[in-house]
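There are 4 protein chains.
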Amino acid sequence: MGSSYGKIFSISTFGESHGKAIGVVIEGCPAGVPFDETFIQQELSRRKPGQSKITTNRQEADEFEVLSGVFDGKTTGTPIALLIRNQDQRSKDYSHIADRYRPSHADYTYQQKYGLRDYRGGGRSSARETAARVAAGAVAKLFLKEYGITVQAYVSQAGALKLNKNYQELDLSLAETNIVRCPDQNMAEKMIELIDSVRKDRDTIGGVVSAVIKGTPAGLGEPVFDRLHAELGKAMLSINACKGFEYGSGFDGVSLRGSEHNDVFYTEDGKVKTQTNFSGGIQGGISNGEDIYFRAAFKPVATLMKDQESINEAGEKVTVSGKGRHDPCVVPRAVPIVEAMAALVLADFLLRNRCSQK
Amino acid sequence: MGSSYGKIFSISTFGESHGKAIGVVIEGCPAGVPFDETFIQQELSRRKPGQSKITTNRQEADEFEVLSGVFDGKTTGTPIALLIRNQDQRSKDYSHIADRYRPSHADYTYQQKYGLRDYRGGGRSSARETAARVAAGAVAKLFLKEYGITVQAYVSQAGALKLNKNYQELDLSLAETNIVRCPDQNMAEKMIELIDSVRKDRDTIGGVVSAVIKGTPAGLGEPVFDRLHAELGKAMLSINACKGFEYGSGFDGVSLRGSEHNDVFYTEDGKVKTQTNFSGGIQGGISNGEDIYFRAAFKPVATLMKDQESINEAGEKVTVSGKGRHDPCVVPRAVPIVEAMAALVLADFLLRNRCSQK
Amino acid sequence: MGSSYGKIFSISTFGESHGKAIGVVIEGCPAGVPFDETFIQQELSRRKPGQSKITTNRQEADEFEVLSGVFDGKTTGTPIALLIRNQDQRSKDYSHIADRYRPSHADYTYQQKYGLRDYRGGGRSSARETAARVAAGAVAKLFLKEYGITVQAYVSQAGALKLNKNYQELDLSLAETNIVRCPDQNMAEKMIELIDSVRKDRDTIGGVVSAVIKGTPAGLGEPVFDRLHAELGKAMLSINACKGFEYGSGFDGVSLRGSEHNDVFYTEDGKVKTQTNFSGGIQGGISNGEDIYFRAAFKPVATLMKDQESINEAGEKVTVSGKGRHDPCVVPRAVPIVEAMAALVLADFLLRNRCSQK
Amino acid sequence: MGSSYGKIFSISTFGESHGKAIGVVIEGCPAGVPFDETFIQQELSRRKPGQSKITTNRQEADEFEVLSGVFDGKTTGTPIALLIRNQDQRSKDYSHIADRYRPSHADYTYQQKYGLRDYRGGGRSSARETAARVAAGAVAKLFLKEYGITVQAYVSQAGALKLNKNYQELDLSLAETNIVRCPDQNMAEKMIELIDSVRKDRDTIGGVVSAVIKGTPAGLGEPVFDRLHAELGKAMLSINACKGFEYGSGFDGVSLRGSEHNDVFYTEDGKVKTQTNFSGGIQGGISNGEDIYFRAAFKPVATLMKDQESINEAGEKVTVSGKGRHDPCVVPRAVPIVEAMAALVLADFLLRNRCSQK
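Residue numbers (our numbering), protein chains in the order written: chain A, 8 to 365; chain B, 8 to 365; chain C, 8 to 365; chain D, 8 to 365.
One thing to keep in mind: the hints can contain errors.
No distinction is drawn between identical chains; accordingly, a pair holds when it is met within one copy or between any pair of copies.
As the list claims (entries may be wrong) - Straight-line alpha carbon distances no greater than 27 Å define the calculated BS3-like cross-link-like pairs of lysine-lysine that follow:
1. Lys280 - Lys313
2. Lys221 - Lys14
3. Lys152 - Lys221
4. Lys197 - Lys207
5. Lys280 - Lys330
6. Lys60 - Lys81
7. Lys172 - Lys197
8. Lys280 - Lys14
9. Lys324 - Lys278
10. Lys169 - Lys81
11. Lys330 - Lys313
Derived from the structure by calculation, the hints contain no laboratory data.
Turn these sequences into a full structure, and let the hints guide you.
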């Protein structure tokens, strides 16, 4: 349980870090969506390992194969299965942790939950699974494109280096021009330097990804549990290493007074708008047509390239050696994952909203 | 859609602020749980309006009636329906907003989504719906009690007044001894003063609720989308006015290095523990047996007791007058709601985990 | 689990035979549907006990109260809760079976499943629960009415008395003109006589309900598991005492050759039709626009008004005395239940189909 | 939507008749189940085409590949993805029907539903999809084996040739000893002769598959909608060409009186049993520990090897020529599919029942 997501536009992912393949079955994508394979591959390449000096050097081409659901270049309305074969597995890198629990990993909890585990590269708990999400998210983006909805994410914090500009002050198109995916070139350089230095220390560091969704019509989101931001929150928190989520004014908004925080409505060219957007484009859990924006916090990667103290399955004190290949900081590669999950949420709610009125 | 929550231990709430009643149907509560009606009523009383000078003065006894699912003092395994009649409705208080949108409320988004709306007190979008959650959460607590799992929340921030102590430094049993539900008496007094002063200004202010879950066994939570913290996040963000969620080290953790942030395992009396708990009791989305803790941010209430500028359904500029009865700050009453939602999540995952092993 | 039904237009029923009330929460009914309370009451009256000499003489007015989801005479898109109080409970009629299992009832299986049971009138297993379905089905019918879709059922067999005419040869409007709900007056009289005679024998007998759905557009039903007829089948088989379901040519169709059974397409006034309709209006699990028709078999009621041999909870041989009040044959009252369940299935698929195309 | 089935032990199938592959993702299979690949392959071989003179001569090895969810010969509790590549596709066999609707096929309904369709071999509507179900069902059987639950199906009717013995009078182990899968050798020969003769006529014929489930504990099934037989019914009716379902006494039971039909309880060696089993092992929707048995009716295959009249997409009268390769009668190959779907239902309810009691 728990490997499926979405109510109408829904996905079911499968695969382990060092198994034969990972993949995803997308159900509920409407028929007739132009299926742009080049775009899907581009999205996968944004996430793939080994793309720069500040990411893991595991080598995976992350090429995908379409197994079903597409005919004559369009979706058919039936399940779309996408398959990505694992290539650079080196499972023996992991034999040394077969009987021991890496600190702050899922080794111990999986063992407790299931009574056994695929210890190779973390098995199912590996962030490798997110490639399947990115592939599915790319399909969701193709669907959203038909409605003029776009999702863009970027790195707004790495370690203590925080970009103190809101998204309106930034040229988000610059995010993809540097390897850390921060749209402020000056800050990007500092972040790259920081992450590279952390990497050289054989250590890791956390970060924050911010995202903006534009073009959403009013009406997406369902009261009372399936609020748009609640699903966005769940979607982000389901990404490996994510520790927090906030949208609109977020945690900082709590210090404001209502009279400062309320977004006043006005009309422009017959369209209802708000003068401010502390609501983050969502009111009562439903989109109001303004930009939706949010932030997701990611902890420092648990795997370090140095020895750490831990215990084994017998409960004895052992040393866990830093092997395998890992990112010193997840946020550069988390950017396309955040976008993918947001796109999946939006696609689902766009369809759900078709049932709101008689 | 969207008024149901949970996969096995699941709830379905109904009712509007000024309709006849609100209520909840609980499905999937196992048979044989002692059904303590007094406890459920106490929980409802912790949330009910009019309980102190810093809450709304709407008067609702919030007495509930058990319609089904209980026999001879125990749950029967069949749906438990709980009903709470609305009493102090004063719907005419709302006729003045029938055709206009209150800023930062759900008036506009509901109208856009459904093409019509029950404008009385916000209808379904009102936080009155959360009484049904508290009733259901109380049943979840009764089930969790059988397993020694407890949930406790408290106010850790009101406006800019932030309690800079972590939960281990506090005596959480003190939270219920003051009307703001902050376990630090000194801070509690300041918070009460602040909220009261904001209320006198006919304004509102936000806050943060922190929560701690103790006694959870290892193994709760499902990879990869239904991680325990992802569902906790969704559950919190589904509460009215919630803008952010973080667990364990949260947003602050991003600045740490992995070598500082990793929680080292050790064994004590044959039990696996961690030396620190930046993980917040959850690793790989699954509980590890340590305390689970998280924070939820709440924005300032949108309804102000003063006039605000807005538009009506025709898009014309109008004034929205502050009427009705509202809380100057939601967090004191949000405490039992946060606990209820957390208890519902835990109850569901406790049952889901029964299916993990052969 | 198991007390909810439907994916988008979904219901959750609650209540026991001799508890305080039964009821239903309807989620996913679109906003804007005219809410005709008189019609809903009429539907409930078609199902209510005590309506004729061939039904149980339990007296229940089955008046319902709307608790939520309706405003200004229209549905609001939020959950619609309907409540029916139990009146004529006579729970003490059942104290004699508290510790024993009635043959072919759910007494034993509930006890095994839950470890305890509400033995009064069968508790949750009682067909009294179907009143909630009829109320919900009436709302579904109001929604379907907006699309010109109608559902009509009738009794086509009582005991061995089988109406050997297909629905096209009958004037279905006559079904409601007699107490057994058979549209052939001659056969109706025989059926009434049979059932009354069985009743006098303190025995019971089975029957078959047939149903026809008209006005369905092509496209309803989802491949591959949620075929329209598969959901109709589940819906019917979920009704108390239902033992079989067939649609279109059904069991008899197996003896035909493909060349006889295939329905040839033709066009009339630009509309695609079929010359025969062995398909029962469904091809590949999806409606084709022709009439949908099916049959549901109901076993003889298990409760007899005479003594039967059985065992008690200790496994000892005991006598179960025939008390309580029960129908000698369920099919007359099953007619509105069959219609209600069919309407719920259709309403759900009508909404699901809104998501088929881009 | 509609390509997933099951609540806890759930499957999601994908793939078209003439696409690259078909497959299934199994979610919710508990960890620790011995994964017998040989057995799974055997099950697939029982369903595969080209196995005898009375089945289609399409050649598919139906070899499967395990992509995930298995480690060291056991299930890991994470999604199990199974892939079957299509080999003998001959898609050009189908170009002649690209613009026309085969009678009683899903061509027209898919076109209406989705606005486009993969016409090659029926695309998603092809019974080729059921190979994925058989693979998943084999995994379910491996899980059920751990609990001593077995499922066996056999052909009890082909055309008008009906086996008038109930399952207790038959040696079910003989079913797999002949190509029609009927355990009565005499009847089997007649059936084979009939089907072969129908095949030579370039025509098709229907049939009935019966099934028996042994070893089920009391308590499986959920009131009130998810009754065990209601899910079995849906599962069977979701199989291509299935037109009817009945369990226990079924349609014939309606003519009996309650006093004949009731199953009297007795105790043997401390175990509760019933003297008769008209209930088919299910009372109130929940298993009582007796054998569960049911029958599923299958219509004659729609594709004939001769010309038929029909219409094209423009609504013009056309001839549809019999090409492709098809079964003259589906029931011999439906036997393992019926078993697979029944096993999936049982596996799901076995897990669901773990949550019935505190």
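Here is what the structure says about each hint:
no. : hint            : verdict
1   : Lys280 - Lys313 : between (53 Å within a copy, 22 Å between copies)
2   : Lys221 - Lys14  : within (22 Å within a copy, 29 Å between copies)
3   : Lys152 - Lys221 : within (11 Å within a copy, 38 Å between copies)
4   : Lys197 - Lys207 : within (15 Å within a copy, 47 Å between copies)
5   : Lys280 - Lys330 : between (53 Å within a copy, 24 Å between copies)
6   : Lys60 - Lys81   : neither (37 Å within a copy, 38 Å between copies)
7   : Lys172 - Lys197 : within (16 Å within a copy, 32 Å between copies)
8   : Lys280 - Lys14  : neither (30 Å within a copy, 34 Å between copies)
9   : Lys324 - Lys278 : between (65 Å within a copy, 13 Å between copies)
10  : Lys169 - Lys81  : neither (42 Å within a copy, 46 Å between copies)
11  : Lys330 - Lys313 : within (8 Å within a copy, 62 Å between copies)
When the structure is compared with the earlier hints, violations turn up for hints 6, 8 and 10 and for no others.
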